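Undergrad: Here is what each chain is made of, one letter per residue.
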Amino acid sequence: MVHVTLWAGLVPLADNQKTLAVEASTIRELLRKLEELYPGLRDPIRNQVAVVVNGVIYRDDWSAELPEGAEVFLMRRLAGG
Amino acid sequence: MSFDAAYKKQAFKSVGTRPLRPDGVDKVTGRARYGADFNMPGQLVARVLRSPHAHARIKRIDTARAEAVRGVKAIITAADLPDLTNGDAALFAILDNCMARTKARYDGHAVAAVAAIDEKAAKEALGLIEVDYEVLPHVVDVDAAMQPDAPILDETVFTTGVEPAPKAPSNVANRSEFGHGDIEAGFAQADIIVERSFKTEQAHQGYIEPHACVASCNPDGTADLWVCTQGHFVYRQNCADLLGLEVSKLRVTSSEIGGGFGGKTHVWAEPVALALSRKAGRPVKLVMSREEVFRASGPTSATSIDVKIGARKDGKITAASATLRYTNGPYGDMWAELGAMTSFACYDLENVKTVGFEVLVNRPKVSAYRAPSAPMAAFAVESAIDELAQEIGMDAVELRIQNAASEGTRSSYGPVYGPIGIGPTLEAAKAHPHMSAPLGRNQGRGMACGFWFNFGGQTCTDLNINSDGTVTLAVGTVDVGGSRASLSLIAAEELGIDYQDIKAVIADTATLGYNDMTDGSRGTFSSSMATISAARNAIEVMRKRAALTWDIPLEDVQWKDGHAHAAGTKYGNLAPLSVKDIAAKSGNTGGPIAGHSELVADGAGVSFATHICDVEVDPETGSTRVVRYTVIQDAGKAVHPSYVEGQYQGGAAQGIGWALNEEYVYGDDGRLQNPGFLDYRIPVCSDLPMIDTQILEIPNPNHPYGVRGVGETSIVPPLAAIANAVSNAVGVRMAHIPMSPPRILSALNRKTGS
Chain A
1 MVHVTLWAGL
11 VPLADNQKTL
21 AVEASTIREL
31 LRKLEELYPG
41 LRDPIRNQVA
51 VVVNGVIYRD
61 DWSAELPEGA
71 EVFLMRRLAG
81 G
Chain B
1 MSFDAAYKKQ
11 AFKSVGTRPL
21 RPDGVDKVTG
31 RARYGADFNM
41 PGQLVARVLR
51 SPHAHARIKR
61 IDTARAEAVR
71 GVKAIITAAD
81 LPDLTNGDAA
91 LFAILDNCMA
101 RTKARYDGHA
111 VAAVAAIDEK
121 AAKEALGLIE
131 VDYEVLPHVV
141 DVDAAMQPDA
151 PILDETVFTT
161 GVEPAPKAPS
171 NVANRSEFGH
181 GDIEAGFAQA
191 DIIVERSFKT
201 EQAHQGYIEP
211 HACVASCNPD
221 GTADLWVCTQ
231 GHFVYRQNCA
241 DLLGLEVSKL
251 RVTSSEIGGG
261 FGGKTHVWAE
271 PVALALSRKA
281 GRPVKLVMSR
291 EEVFRASGPT
301 SATSIDVKIG
311 ARKDGKITAA
321 SATLRYTNGP
331 YGDMWAELGA
341 MTSFACYDLE
351 NVKTVGFEVL
361 VNRPKVSAYR
371 APSAPMAAFA
381 VESAIDELAQ
391 EIGMDAVELR
401 IQNAASEGTR
411 SSYGPVYGPI
421 GIGPTLEAAK
431 AHPHMSAPLG
441 RNQGRGMACG
451 FWFNFGGQTC
461 TDLNINSDGT
471 VTLAVGTVDV
481 GGSRASLSLI
491 AAEELGIDYQ
501 DIKAVIADTA
511 TLGYNDMTDG
521 SRGTFSSSMA
531 TISAARNAIE
541 VMRKRAALTW
551 DIPLEDVQWK
561 DGHAHAAGTK
571 YGNLAPLSVK
581 DIAAKSGNTG
591 GPIAGHSELV
601 ADGAGVSFAT
611 HICDVEVDPE
621 TGSTRVVRYT
631 VIQDAGKAVH
641 PSYVEGQYQG
651 GAAQGIGWAL
661 NEEYVYGDDG
671 RLQNPGFLDY
681 RIPVCSDLPM
691 IDTQILEIPN
701 PNHPYGVRGV
711 GETSIVPPLA
721 AIANAVSNAV
731 GVRMAHIPMS
741 PPRILSALNR
751 KTGS
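Keeping their order, the protein sequence lines are chains A and B.
Heads up: the first sequence begins at 1 in the working numbering, then just goes up one per residue.
Heads up: the second sequence begins at 1 in the working numbering, then just goes up one per residue.
Read the hints as simulated data drawn from the structure, not as lab findings.
From a predicted model like this one, the values you see are computed outputs, not experimental measurements.
Please note that the accuracy of each hint is not assured.
Sample of chain A residues at the chain B side, in silico, Cβ under 10 Å [claimed, not checked]: (1) Ala21; (2) Ser25; (3) Tyr38; (4) Gly55.
Coverage of chain B stretches by chain A, computed from C-beta distances (three or more under 8 Å per stretch; other residues unrestricted) [said to hold, decoys possible]: (5) 108-114; (6) 245-255; (7) 456-465; (8) 598-605.
Label pairs and their calculated CB-CB ranges [as the list claims (entries may be wrong)]: (9) B:Ala79 / A:Arg42: 39 to 47 Å; (10) B:Val684 / A:Arg42: 23 to 31 Å; (11) B:Val684 / A:Val11: 20 to 28 Å; (12) B:Gln189 / A:Lys33: 35 to 43 Å; (13) B:Val135 / A:Lys33: 23 to 31 Å; (14) B:Lys560 / A:His3: 42 to 50 Å.
Ideal Cβ positions, reconstructed from N, Cα and C, are used throughout, including at glycine.
Extracted from the complex, chain A is given alone in its bound form (with noise of 0.2 Å):
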């Protein structure tokens, strides 16, 4: 089981939860659940999300294990210069 905190944009798309509970082993499985969880979810997880596990930003590498207990974050995609 893994905690995960959503921006604010996402919040009024998952029932105004900003905090969810959710048991998946990696990053993959965690969109998977949440897209199937809340449907609103799917084009912002599909186009613009970035995931901070344990403080470490995965923009893209959606195969990362998620430690039991670990502290996750939903972060839009970030540009850089």
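Starting from the structure of chain A, add chain B where the hints point.
TA: Then chain B, alone, in the frame of chain A:
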């Protein structure tokens, strides 16, 4: 990702040395080919017609007279770039920005383009294109654009991120919020509260090389694009999407790049050149003038920021908040959001809240500029922190050390930090001789911290062992800051061969797998990871070839110091085989030897820096001279220390220009008044002191060598460090960037009451 990216401590032979850069001679002798240096037989010259109005409805465009000009081969308008974006708002913004559709949204917005046999014909045709504009009210100031009576840029924009959803359109495209704790309770605990508003003006990346490309659409439906870019694979995708091409049929080759700093992460002219070539049936060369670069490409945001910080007398910050308003140009994006995320990222705060507003104005579409949005936020926050230290009567470095984030701190943007380097940069600043050096008359010292995320991304690399044992390394990230040198060092380290035996090249989009944009300080971080992986794959091939050569089992072949060794005493008479030995026999042991890698380089790790600056202000003219400057930053592991230092110095130099001089100046008519380097003054060598650097090496746990990106963070602290230095020199808090002579004189006059 099968590649194990975990850091492993090791002694280096090549990494950490300072060989000459492989592209250096070509660059200083003029042989290097930049965007405008490419030509094709029969190519046409393209010129773009741009709106003279800040905001105008395009009622009619008549190109008939222009088309009749002798030598004109094609003219395009938005009608030649049909909307294929399928509801993708970000892609539509790129399309509309490349060629205005219904409205010109800023001075310089492209409305038509011509391809002709020479510049004379193209210019003549531009003058004959008739555009019927309905001029509309405009707004260029960020605060004015948020007023209820401001002209609305886009009637379809309703502020997102607020509840309930607004019913009226607005120039505020989005509101974002970050933070934790209870800021009101935190401020109630404070003995001292500093509250101040700040402004920064719009600055351009100021890359020396203007945007340039040659586009060639062929009769068989294929197309080629030669272009100056930070990411040719992303340009390929953008152009293919906008023109309805299959990705595989568009081949994009990147040129040498004369600076990008984020401004070449975005297509501006390339889809226009391709559309002209498609219509004319001939290659088309499009080179922006400097004026066009300023008016129609790449600036960062102008901002208006309110900061409030409270602390106890012992220096512990009890609460902090910031409201950040960033111009976006005419299209909503996430620039204020980035400012809101980064503003307090250096600190360990129990109660913090930041709010960002994305504001639409009649200025060019904002593009990333080196750690985008963070320098302005750092200017406001670090100025307030400095003022707080003065109010408390505490040393500015000591106050920051007391409140610095560390491993386990919940960041102001949400996640908890792993191992981070803000503390070591502050301790290094505290111990640095610069901090205690005496100051002269009219001089002041300032310091500031900065944060940037850094990231990695999709990366693909090929490493080919040639028959003579030399190595060709093909990478897909563009060399924006010396990465061919650093990646050659990495390949030399892994293979155990000389740096001189490696030739690194930037492959085009048809010869290598996809690579993300070269941004987010990712070039060396990501491509070094892929190079290590490719080299290790090539070593596996070479072990097999050695086993075949010796006719012994593979498991008995070990790789060490650039040689295959037969393990064990039973092979005592077998001399080790070098890369050259193995390569020479490759034709008879299975053919060419190569290592390939495709991976996602995530785990870049966040980055921190601390800068110290001394300035001298002439009280009669308000002119400021930076007399000493020191950059302290964590590199994880400096692969080529000279180029790490170069990145530190470059960021500081750009920050100095931004802090003291650079500014988009708009007239009442909404037109840019200073679109050239004479009136938009970037610093030259004689404006700058030697910028001293101190590289800290705290290994990144998510890279085999511990490497971190270093390209961007160095531009985050300068605005604040210089503002703090100027404020200390003149005795007035400077809250408006740039601190140009008139602004400093005005502040001095206010101080003296004159």
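Undergrad: Give a verdict on every hint.
TA: Each hint, compared with the structure:
Annotation: interface hint on Ala21 (chain A) violated; nearest CB of chain B at approximately 17 Å, more than 10 Å. Interface restraint check for Ser25 (chain A): the shortest CB-CB distance to chain B comes to about 16 Å, outside 10 Å, so the restraint is violated. Evaluation of the Tyr38 (chain A) hint against chain B yields a violated restraint, the C-beta minimum of about 17 Å exceeding 10 Å. Hint on Gly55 (chain A) holds. Least Cβ distance to chain B is approximately 4 Å, under the 10 Å limit.
Residues of the segment 108-114 of chain B lying with their CB closer than 8 Å to a CB of chain A number 0, which falls below the three-residue condition for coverage. Counting residues of the segment 245-255 of chain B whose beta carbon lies closer than 8 Å to any beta carbon of chain A gives 0, which falls below the threshold of three, so the coverage claim is violated. With 3 residues bearing a CB less than 8 Å from a CB of chain A, the segment 456-465 of chain B meets the requirement of three and the coverage assertion stands. With 5 residues carrying a beta carbon less than 8 Å from a beta carbon of chain A, the segment 598-605 of chain B meets the three-residue requirement, and the given coverage holds.
Separated by about 34 Å at the C-beta atoms, Ala79 (chain B) and Arg42 (chain A) break the suggested range of 39 to 47 Å. At roughly 51 Å, the beta carbons of Val684 (chain B) and Arg42 (chain A) sit outside the given window of 23 to 31 Å. Distance hint check: the CB atoms of Val684 (chain B) and Val11 (chain A) are about 49 Å apart, inconsistent with the given range 20 to 28 Å. Hint check: Gln189 (chain B) to Lys33 (chain A), Cβ distance near 41 Å, so the stated range 35 to 43 Å holds.
Distance hint for Val135 (chain B) and Lys33 (chain A): a CB-CB separation of about 53 Å, inconsistent with the stated range 23 to 31 Å. At about 46 Å, the beta-carbon gap between Lys560 (chain B) and His3 (chain A) stays in the expected band of 42 to 50 Å.
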